[in-house]
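Q: Work out the full structure, taking the sequences as your base and the hints as a guide.
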Amino acid sequence: MGQEGMARETLQLFHRMAEFECQPTLSTYHCVLSTLIKESYLDDVLKLCQEMEDANIEPDKLTLGMLTNALCKGHRLDEALRIAERVPQSIDALTLNGLARCLCKEMRPHDALRLVENIKAYDIFPDAITCHTVMCAFCKVGKLDVTMDLLKKASEESPAYGTAACNAVLDHLVKMARIDEAWHMFQELPADPDATSYNIIVKGLCMKRKIEKAQELVSEMAARAFTPSLETYAWIAKGLTRLGKAKKACDFLLDLRRKGIAIDSAAVNEIIDVMCSRKKEDVGRELLKEMNGHGYHPDACTYTAIINGFCKSNRSLAALDFVMEDVLVSGCVLDITDWSLLFKCLYDEGCLDEMVKLYDILLENKVVPNKATFNIIISSFSKAGRVHDVKRVLDDMYRNDIIPNTKTYEGLIDGDIEDISCKVELFEPLIGSDIVLTAEKYQLLIGGLIKSGEMAFAMRVLHEMKRNGCPPDKDTYNALVGGLCNTNMLSEAMEFIQIMKDNECTADAATYTMLLHGFWKAGQIDKLKSLYMEMKKNDISPDAATFNILLEVFSESKKAQEVLRLLDEMRLHGCPPNYSTLSSLHKKLGFREFKKVKNHVKELFGIVFMPEASEGKENEPDVKNFGLSFKQSASRTARKGKSSTKK
Numbered sequence: 001m002g003q004e005g006m007a008r009e010t011l012q013l014f015h016r017m018a019e020f021e022c023q024p025t026l027s028t029y030h031c032v033l034s035t036l037i038k039e040s041y042l043d044d045v046l047k048l049c050q051e052m053e054d055a056n057i058e059p060d061k062l063t064l065g066m067l068t069n070a071l072c073k074g075h076r077l078d079e080a081l082r083i084a085e086r087v088p089q090s091i092d093a094l095t096l097n098g099l100a101r102c103l104c105k106e107m108r109p110h111d112a113l114r115l116v117e118n119i120k121a122y123d124i125f126p127d128a129i130t131c132h133t134v135m136c137a138f139c140k141v142g143k144l145d146v147t148m149d150l151l152k153k154a155s156e157e158s159p160a161y162g163t164a165a166c167n168a169v170l171d172h173l174v175k176m177a178r179i180d181e182a183w184h185m186f187q188e189l190p191a192d193p194d195a196t197s198y199n200i201i202v203k204g205l206c207m208k209r210k211i212e213k214a215q216e217l218v219s220e221m222a223a224r225a226f227t228p229s230l231e232t233y234a235w236i237a238k239g240l241t242r243l244g245k246a247k248k249a250c251d252f253l254l255d256l257r258r259k260g261i262a263i264d265s266a267a268v269n270e271i272i273d274v275m276c277s278r279k280k281e282d283v284g285r286e287l288l289k290e291m292n293g294h295g296y297h298p299d300a301c302t303y304t305a306i307i308n309g310f311c312k313s314n315r316s317l318a319a320l321d322f323v324m325e326d327v328l329v330s331g332c333v334l335d336i337t338d339w340s341l342l343f344k345c346l347y348d349e350g351c352l353d354e355m356v357k358l359y360d361i362l363l364e365n366k367v368v369p370n371k372a373t374f375n376i377i378i379s380s381f382s383k384a385g386r387v388h389d390v391k392r393v394l395d396d397m398y399r400n401d402i403i404p405n406t407k408t409y410e411g412l413i414d415g416d417i418e419d420i421s422c423k424v425e426l427f428e429p430l431i432g433s434d435i436v437l438t439a440e441k442y443q444l445l446i447g448g449l450i451k452s453g454e455m456a457f458a459m460r461v462l463h464e465m466k467r468n469g470c471p472p473d474k475d476t477y478n479a480l481v482g483g484l485c486n487t488n489m490l491s492e493a494m495e496f497i498q499i500m501k502d503n504e505c506t507a508d509a510a511t512y513t514m515l516l517h518g519f520w521k522a523g524q525i526d527k528l529k530s531l532y533m534e535m536k537k538n539d540i541s542p543d544a545a546t547f548n549i550l551l552e553v554f555s556e557s558k559k560a561q562e563v564l565r566l567l568d569e570m571r572l573h574g575c576p577p578n579y580s581t582l583s584s585l586h587k588k589l590g591f592r593e594f595k596k597v598k599n600h601v602k603e604l605f606g607i608v609f610m611p612e613a614s615e616g617k618e619n620e621p622d623v624k625n626f627g628l629s630f631k632q633s634a635s636r637t638a639r640k641g642k643s644s645t646k647k
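As numbered in full-length UniProt numbering, the sequence shown has no gaps in its residue numbers, which increase by one up to the final residue, 647.
It cannot be assumed that every hint is accurate.
As the list claims (entries may be wrong) - Here are the simulated distance ranges between beta carbons: (1) Ser219 / Ala128: 57 to 67 angstroms; (2) Asp401 / Glu212: 56 to 66 angstroms; (3) Glu290 / Lys152: 20 to 30 angstroms; (4) Glu325 / Asp192: 24 to 34 angstroms; (5) Lys537 / Arg392: 47 to 57 angstroms; (6) Ala195 / Val87: 41 to 51 angstroms.
Calculated from the structure, these hints are not laboratory results.
For clarity, every value in this text was computed on a predicted model and none was experimentally measured.
Backbone N, C-alpha and C define an ideal beta-carbon position, used for all residues, glycine too.
A: Here it is in structure tokens:
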């Protein structure tokens, strides 16, 4: 039953043995404990261990190893240690090593050392890894003096083992960046240092930027006939570079080359990378040429470091020159992702023709950009309004079986493509695809299409937006209403009042104002009045733009009384007329009628209208910028303001 893993049933059967006066043996306990451990019943395991102790049954080595291993894994280290110390004669080397390492992992090196020392009386000794672990654990808790005592004992027992232990502790200190302690320990090693000891401490000194001392140790190694590792030479080169001595590092590597010691390209890359990070790309490029002339062959990482360095310093043309004269000539193939930064940098610096040049060069060399790089190129050309280049790159994407994704279309939407004829062509593949844009991007696209007069396609995008579970907001609907009004599609525009209501997006003053403006321009005054009555019936408060349109309508029909009534209504809503509207009233109403209006405006709003002050002002009512979403309209107005300021 125990072998079947039925822990509870096995335990119940075990306890029933007492009813039949059957005394369990060590083998029985081992079987039950094994089953409980497999199913992680550690509390029951500890109870059973206590029963074994009460019955004076000591676990054998196999059972004890199984118990301590399970308890250590279950984070019951104290119980594992108590059981082990109760029967030290049953501990074998495997159990000792496992328990000591767990104690060290929990920063309890004193307990681990006590256990090791106690077990030595039974001729059980830890392996080298465990000894190193205990020594390193004392280093971690700041007990370097204890570590040194242990190393002295180890060296006295076995010089060879003592050196290996010293190296393990040295390496541990260096990895923990405790270089000063490592150097102090190296100077007082109880065992003679070997080549490994020197290599470790040289690495540490280079990390600490003590290059002169590191070079002295390398010379000392040569005097003792120790051969430094290639990693040691590389660390010295790195150290010199980090101190700003890249030329010395380069000379150091070339000197090694002349001595027949070949360092891999990683050390060269380190020098180049450090120089580029310090904005010394030209120096890095010259060093690369010099190294290349002495048999060092740069790899893709080397070239990428210099390209990225130029780009981060906003020197895209220098990066392109480096690509043309060095990278492509070498025949080295860079990862395609490495080109993305260069394309972006060229765009940011306004080097669009150079972007095209780089793109053509890549294709000539049969280097096909990946989707991310294609998207950067398309976005850049789109923002620059280079429609021909955008279409060409899109064709290349399809030709290479790379399907545009969300980022591709977002780049097109955020662009500045003024060519109306190609907008539908560019965005047609979006309809019915699996690509889902954000509500903001859909709104920007619809606004751009409306501005271009592509109302039919804008409506298709609206349906696509709904299909993808992205409900249009009020700004999107208002953009469509404005676009329809601008194209004199007033019946279709009117339908949106109900559509908005059905989609829980009630029409607001802006919606009605655009419709009123449309009916006024179309000369459909009766429908305008009817719509205004509907607006009031639906408790939608008119805004200043609404009232200004109505004032224009009534002034054209010479209805001065209606104008006066409307001014009273404007006073109630806190919407004073603007100067352009008053100027229009002045021109359209008769002298007597306008005099009444002028006095009424002064009485209601405190505005004194002076005809000469309004000269040069537009007579167009203060209405919204129809046909664009309001967010887009505002942003475009801001951009125009900036450009006019520059001029």
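Q: So, for every hint listed, does it hold in this structure?
A: These are the hints, each one checked on the structure:
Hint check: serine 219 to alanine 128, Cβ distance near 31 angstroms, so the stated range 57 to 67 angstroms is violated. Range check, aspartate 401 to glutamate 212: about 58 angstroms between beta-carbon atoms, so the 56 to 66 angstroms window is met. Between glutamate 290 and lysine 152, the C-beta spacing of about 50 angstroms breaks the proposed range 20 to 30 angstroms. Glutamate 325 and aspartate 192 have their C-beta atoms about 53 angstroms apart, which leaves the hinted 24 to 34 angstroms range violated.
In this structure the supplied range 47 to 57 angstroms holds for lysine 537 paired with arginine 392, their Cβ-Cβ distance being about 55 angstroms. Taking 41 to 51 angstroms as the suggested C-beta distance range, the pair alanine 195 and valine 87 conforms, at roughly 44 angstroms.
Hint compliance for this structure: hints 1, 3, 4 are not met, and every other hint is.
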